[in-house]
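Peer 1: Protein chains in written order, with this note's numbering: chain L, -7 to 400; chain V, 63 to 373; chain X, 19 to 419.
Rather than coming from a laboratory, the hints here were simulated on the basis of the structure.
One should not assume that every hint holds.
What the hints assert, rightly or not - Partial list, derived from the structure: chain V residues whose beta carbon lies under 8 Å from chain X:
#1 Thr76
#2 Leu80
#3 Ser155
#4 Ala212
#5 Phe213
#6 Gly217
#7 Ala253
#8 Phe303
#9 Glu335
For each residue, glycine too, the CB sits at the ideal point set by N, CA and C.
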Amino acid sequence: MAGRVTARQLMNERFPKLAKRTPDSVMNPLETAYGAWRRIGFGRYVIAAALMAYVPIAIDRGLMSPIGGGSEYWKGILVQTGVYILLALGLNVVVGLAGLLDLGYVAFFMLGSYTTALMTHSGAPDQFHFVQWPVWAVIPFALVVAMLAGVAIGLPTLRLRGDYLAIVTLGFHAATLLVITNLTITNGPRGIFAIPNPSIGDFSFGLVSEYYWWYLLIPAILLAVIMIRHLDNSRVGRYWTAIREDEVAASAMGVPVTKMKVLAFVIGASTSGIAGWINAVYVSFISPDSFPLLNSILVLCAVTIGGMGSIAGAALGGIIIITVPEIIRQLAGGNTVFGFDPDTGRIAIFGFLLVVVMIFKPGGLLAARRRRTELHETGAEAAVLQTGGSRGSRPPAPQAQSAGKDAE
Amino acid sequence: MHCNAGLIGPTFVTGLILGSLYALTALGYTMVYGVLKLINFAHDAIFMIGGMSVFYVFGIYLGITTPATGVLLAGTIVALLLVGGMASAGAASALERLAYRPLRERGAARLSYLISAIGASFFATYLVQQQFLLGPAKRIFPDVLNVTTAFKLFGANVLSVDVIIIVVAVLCLVALDRIINVTSTGRSIRALSEDVVAAQLMGVNVNRVIQMTFIIGGFFGGIAGVLTGLKFGNVVWNMGFVAGIKAFTAAVLGGIGNIRGAMLGGIMLGLIENMSVVCVGSEWKNVVAFSVLVLVLIFRPTGIFGEKVGG
Amino acid sequence: MKRPRWLLTAALLSSLALVAAACGSSSDNGSSSAGGSSQSCTWTIGTMGALSGDYATIGIPIEQGIQYAVDQQNAAGDLPCNLELKKEDSQGSPDKAPALARSLAQESNLVAVVGPYFSGETLAAGPVFDQGNVPFITPSATDPSLADQGWTNFFRAVGNDADQGPTAATFIQQKLKPSKVFVIDDNSQYGKTLAGIVAGKLGSTVTGTAHIDPAETDYSAVVSQVNNAAPDVVYYGGYAPNAGPLALQLKQGGVNATFVSDDGTKDATYGGLAKEAASNTYVTCPCADATKLPAAKSFVSGVKSQYNRLPGTFAADGFDSVNLVAGILKDQDSSASIESIRSGIVQGLHGLKAEPGITKSYTFAANGEVEIDPLKDIWIYKWDDSAKDFVSEGPAGEVIK
Chain L
-7 MAGRVTARQL
3 MNERFPKLAK
13 RTPDSVMNPL
23 ETAYGAWRRI
33 GFGRYVIAAA
43 LMAYVPIAID
53 RGLMSPIGGG
63 SEYWKGILVQ
73 TGVYILLALG
83 LNVVVGLAGL
93 LDLGYVAFFM
103 LGSYTTALMT
113 HSGAPDQFHF
123 VQWPVWAVIP
133 FALVVAMLAG
143 VAIGLPTLRL
153 RGDYLAIVTL
163 GFHAATLLVI
173 TNLTITNGPR
183 GIFAIPNPSI
193 GDFSFGLVSE
203 YYWWYLLIPA
213 ILLAVIMIRH
223 LDNSRVGRYW
233 TAIREDEVAA
243 SAMGVPVTKM
253 KVLAFVIGAS
263 TSGIAGWINA
273 VYVSFISPDS
283 FPLLNSILVL
293 CAVTIGGMGS
303 IAGAALGGII
313 IITVPEIIRQ
323 LAGGNTVFGF
333 DPDTGRIAIF
343 GFLLVVVMIF
353 KPGGLLAARR
363 RRTELHETGA
373 EAAVLQTGGS
383 RGSRPPAPQA
393 QSAGKDAE
Chain V
63 MHCNAGLIGP
73 TFVTGLILGS
83 LYALTALGYT
93 MVYGVLKLIN
103 FAHDAIFMIG
113 GMSVFYVFGI
123 YLGITTPATG
133 VLLAGTIVAL
143 LLVGGMASAG
153 AASALERLAY
163 RPLRERGAAR
173 LSYLISAIGA
183 SFFATYLVQQ
193 QFLLGPAKRI
203 FPDVLNVTTA
213 FKLFGANVLS
223 VDVIIIVVAV
233 LCLVALDRII
243 NVTSTGRSIR
253 ALSEDVVAAQ
263 LMGVNVNRVI
273 QMTFIIGGFF
283 GGIAGVLTGL
293 KFGNVVWNMG
303 FVAGIKAFTA
313 AVLGGIGNIR
323 GAMLGGIMLG
333 LIENMSVVCV
343 GSEWKNVVAF
353 SVLVLVLIFR
363 PTGIFGEKVG
373 G
Chain X
19 MKRPRWLLTA
29 ALLSSLALVA
39 AACGSSSDNG
49 SSSAGGSSQS
59 CTWTIGTMGA
69 LSGDYATIGI
79 PIEQGIQYAV
89 DQQNAAGDLP
99 CNLELKKEDS
109 QGSPDKAPAL
119 ARSLAQESNL
129 VAVVGPYFSG
139 ETLAAGPVFD
149 QGNVPFITPS
159 ATDPSLADQG
169 WTNFFRAVGN
179 DADQGPTAAT
189 FIQQKLKPSK
199 VFVIDDNSQY
209 GKTLAGIVAG
219 KLGSTVTGTA
229 HIDPAETDYS
239 AVVSQVNNAA
249 PDVVYYGGYA
259 PNAGPLALQL
269 KQGGVNATFV
279 SDDGTKDATY
289 GGLAKEAASN
299 TYVTCPCADA
309 TKLPAAKSFV
319 SGVKSQYNRL
329 PGTFAADGFD
339 SVNLVAGILK
349 DQDSSASIES
359 IRSGIVQGLH
369 GLKAEPGITK
379 SYTFAANGEV
389 EIDPLKDIWI
399 YKWDDSAKDF
409 VSEGPAGEVI
419 K
């Protein structure tokens, strides 16, 4: 997939109507710019970092002031958005790239947060701790615990079909939540408070502004993007695609299905481990209430609406689920919008959008390039469903067997 | 761990009653799965719509506040169940038409159906949570039935409403069994669950049968929603969440796709859950339920009674 | 490919409508200052809590009490500067709290914060206020651990659960005189803390404990446990939406015990949910019944005329909190730096000796906890079927006598 692509091709693919109407006088400079963008290679991450770093400055200069709400508030929303971008990037690997429906993704996030809380100088003096280390030293552990949980949930569930996997992961989230609520070492429903803010020398992140939290998130997000992009463009990414499209065929072609599925879970969990660490030290208070089942669904909404399998789409999805409702909430000024409460009503709208996206734009807003070529979706499992359609006139001979097998 | 033998009797009885509700709800999951080989993630919303519609029709529109007796009571309860069942059947039919069929026509992948169903479920549930519908608070279910103790069994009070639940659950199972095994629609449903292509070649109208499957499953889901409201005296926007997960677990326990299995699975789950408090604290009840689900899925994915519509 | 185009159209239309509505109803939700006096300078009092979302029904009455106090102070005009109330809507969520707290702490004229309203968000916002030296008084967060955080500028204007719990236990022991008590909670931060305290204080009369899952509707397993223990009193730590159905199911299951709960259950919706089980229910609340306090007469009528409703739970405590701050601001110099005013308020609040408010008199301990007399400041309420609400029986001490 690494072949040279021109801006014209991209336009034709994504916005065919617009592409037809765009004259060459506009297209040529675009082509040059796109070529330059491709040539700078790694430099694009530097540019992205610079742009991201500018966002809070823009907010301070009044980017959001027409909407209302203070600049600290918007920077706080920015931090939350960053956390959800990390989560969406991770879930995108599991759902978008490997095609495994994980409805309990936030459980990994929760484990990352609790690991951080239980390994730092948090809570009351008699609160249980594994160790009391400086917050920075805990990062690898938050990461590793989340990844191990990925193995723990990935390995036993490999044999399960897609929808069973969805339920087991949902059950995994629910059960983890219940266990954390019931255990005493996690301080049960009371949660863990006073998780220390990170500091460098005399400088403490907690004190000053939301700025620095965002600057903590930028390298995490960029590293996650680089890692996922490289995996996706490597053999691993092609294995994932093969598994997603036809597991049986992939296995027959020598794809190490088991290993690759577990790897997807582990890579996916890794970003949520880091996000969990940031969440714990940022909010400084976590309790089971902070990780409801609903949040797993919200992250799924982000990935689906943004674009399954697309890294930019996942990031866009993270922005959509956190920032857009806040904008609407500010504009509505505490009122309901057409009877919808801006906070809970957003879930209804996102639910609606999931259906609409699945029906009209299955690739999401920013469809992954590779996935676009595959979305005709002729997996063996879909055979039953396809033939049910009124236009299911395709000769069903090869699929018939697998359909019968399913019904056994 | 110390076990309290005195709890065995009463938790057995209450577990049985609870299990009947799970079983009724599980029918919807199992029917759709039998035909489409898909878990209908929106069934929890269908269940809630049954309870909600009765709240609106009998509580708000008709404004019933005093319990009925005798023949009138029997009539009211049948009306309640029909209204709830039909509302849910309608919702299930709309769900199939709007969230499933377009995907089928496109030949979409399995993942798309699951996500679409989750979307539909959250849309309906959070729509109902808005102030212009039920709102976030629990709402009082119309007082059509004077809940009294019917009799005592093994130290547990069996209420009048519990008797109704068991009777309705048994009637529904028998009715569904007949529908599946005797009627032509049932024959088509069985044919579809055995072999879609062959069924289609034999002249089965696939779209119509799938629609009917959703309608029948939705009808029983709605009845379960109404009975839940009747028993607990309230309806709430998220009443389907827990009920949905439990009913799904029940369906899997019994072997999803298997109707008698779903019934048995529901009752088993009710018993496992309630009887777990004999030995462990009530806060671990749901952990036990989820663990059973995960273990069954991992070690015996076809459930205890195997997958087959019509049993 | 035939696709239902109308569905897409409907989707587009509805999203357009949503945006249009959002733009149309745009209005300020930030600060509001009431006129009435002519001072040229402004001091800001911050408040944060659930003003929208699921918990708004709890948050808004508190906010009304606070707003009313600010309006009254401005109308009286005794302060060197006008007061302005800056509201932040946390929706009760701890995740949103740090950013909102920072937002308040950076207000240039902010002298103090009355809030946050819930314990979880206070735990998340507290470190920010503490580091920013912002005095904050919560009128309603009752988790005992808040006072153990080492925050030097934290104050709490109500009794905490560690006061309410033992008072509930004393009430149960001395008024209801049971031989056996069963303690249940909803496995939440609030319910479990309170139920734990009550169970600890009741000691050996407790025959069993159980936890329910608030997301569930069926409590039959717990009912079996309670039935088996055959208690005279059931204590429940949690909130009304679960307390009502639980009381009903206990009664229907054959438990004839008096139901005792907490301020989370003190809500008018309880009666409809508990039906015939409601009448035998008591709740404790660190909130005084403002309608029965002689000192609160004008407050009650004032809130009623301003908001067209009686002051809700903790509204009077919010009102008192603002007035305590205002009492100290009276002696501050309008030209002084905000930092010195903030530390002046912290010192001033610590220096109060039985300062009279409408609900109680205020003396703060070193950890910011108000010194209360539980028997006087924690009230007992009983469900009244004819009033369709909880009606106060009086302060715990009087009820027990």
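Peer 1: How about Ala253(V): closest beta carbon in chain X under 8 Å, or not?
Peer 2: Nearest chain X Cβ about 26 Å off; hint violated.
Peer 1: Was the hint right that Gly217(V) lines chain X, CB cutoff 8 Å?
Peer 2: holds, 7 Å
Peer 1: Does the CB of Glu335(V) sit less than 8 Å away from some CB of chain X?
Peer 2: With Cβ-Cβ at 7 Å, under 8 Å, it holds.
Peer 1: If you take the shortest Cβ to Cβ gap from Leu80(V) to chain X, is it below 8 Å?
Peer 2: holds, 6 Å
Peer 1: Does the interface hint hold: is Thr76(V) within less than 8 Å of chain X, judged Cβ to Cβ?
Peer 2: holds, 4 Å
Peer 1: Holds or violated: the hint that Ala212(V) contacts chain X, with Cβ atoms closer than 8 Å.
Peer 2: Violated. Min distance 11 Å.
Peer 1: Against chain X, is Phe303(V) within 8 Å by beta-carbon distance?
Peer 2: holds, 6 Å
Peer 1: Can Ser155(V) be said to touch chain X, with a Cβ gap under 8 Å?
Peer 2: Since the shortest Cβ distance to chain X is 15 Å, the answer is violated.
Peer 1: Was the hint right that Phe213(V) lines chain X, CB cutoff 8 Å?
Peer 2: violated, 12 Å
In this structure, the hints that do not hold are numbers 3, 4, 5, 7, in rising order.
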